[in-house]
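Q: Make a model of the complete structure from these sequences and hints.
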Amino acid sequence: MKRILLLLTICSLVSCKRDFSKGPQLSWLQGKWQRVDDRDGRSTFENWRMQIDGSFLGHGFTLEENDTVFEEKLAIKPLNILVKNDNRWVLQVTGVNESPTIFEIKEFTSKSFTAVNLENEFPTHIKYSIINDSLKAQVYSDQMSIDYIFKRR
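Residue numbers (full-length UniProt numbering): 1 to 153.
Take the hints with a grain of salt, since some may be wrong.
Stated by the list, open to error - As a list, the in silico DSS-like pairs of lysine-lysine whose alpha-carbon atoms are at most 25 Å apart:
1) 136 / 32
2) 151 / 111
3) 111 / 32
4) 127 / 32
5) 136 / 111
6) 77 / 136
7) 73 / 151
8) 73 / 32
9) 106 / 73
10) 111 / 73
11) 136 / 73
12) 77 / 111
Simulated from the structure, these hints should not be mistaken for lab results.
A: Written out as structure tokens, the structure reads:
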């Protein structure tokens, strides 16, 4: 009886599996990156890894004289994995504000994606793109734009 219950539980979990293939294809983002255009005395890093379900986890941080002066956790994932036909994806940023900030991914190509949150003071847009062997992250709003250029380390 226990084996049948276990088998039924496993079958129900597998049948609820979400199709992540419709999400952004971001294998180019994976890896360890270091900012090349930092100011003197600072080193900024981003590390991205793909999860088994197709989502991505990122960790960004800045060191100044071996002290961490900035840190954020990033996640690219489905907006709501419980809603079967909802194919929207988000970039979630944690550690900068009191609560996580959610940016909806509005467009993605094989080499870029743009995430938007018009309610956020700054930035309202975050764009990542791969250009040759460089990763470019651009955070911007109508009033200001900041570019970050990274190389693999």
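Q: For the pair we were handed, residue 73 and residue 32, check the Cα-Cα distance against 25 Å.
A: Judged against 25 Å, a Cα distance of about 14 Å means the pair holds.
Q: Starting from residue 106, check that the Cα of residue 73 is at most 25 Å away, please.
A: holds, 20 Å
Q: Under the criterion that the straight-line Cα-Cα distance not exceed 25 Å, is the pair residue 136, residue 73 satisfied?
A: holds, 18 Å
Q: Going straight from one Cα to the other, do residue 111 and residue 32 come out at no more than 25 Å?
A: Holds. Residue 111 to residue 32 sits at ~17 Å (cutoff 25 Å).
Q: Please work out if residue 136 and residue 32 have their alpha carbons no farther apart than 25 Å.
A: holds, 13 Å
Q: Is the hinted pair residue 111 and residue 73 satisfied, with a Cα-Cα distance of at most 25 Å?
A: holds, 22 Å
Q: Residue 127 and residue 32 were given as a pair; does the straight-line alpha-carbon distance stay at or below 25 Å?
A: Holds, because 18 Å separates the two Cα atoms, which is no more than 25 Å.
Q: Do the alpha carbons of residue 151 and residue 111 lie within 25 Å of each other, as the hint requires?
A: Status holds; Cα separation ~15 Å.
Q: Are residue 136 and residue 111 close enough, with their CA atoms no more than 25 Å apart?
A: holds, 11 Å
Q: Going straight from one Cα to the other, do residue 77 and residue 111 come out at no more than 25 Å?
A: With Cα atoms ~17 Å apart, residue 77 and residue 111 stay inside 25 Å; holds.
Q: Would you check the hint for residue 73 and residue 151, treating anything up to 25 Å between C-alpha atoms as holding?
A: Holds. Residue 73 to residue 151 sits at ~19 Å (cutoff 25 Å).
Q: Holds or violated: residue 77 and residue 136, Cα atoms, limit 25 Å.
A: Since the Cα atoms of residue 77 and residue 136 sit roughly 20 Å apart, the hinted pair holds (cutoff 25 Å).
When the structure is compared with the earlier hints, no violation turns up for any of them.
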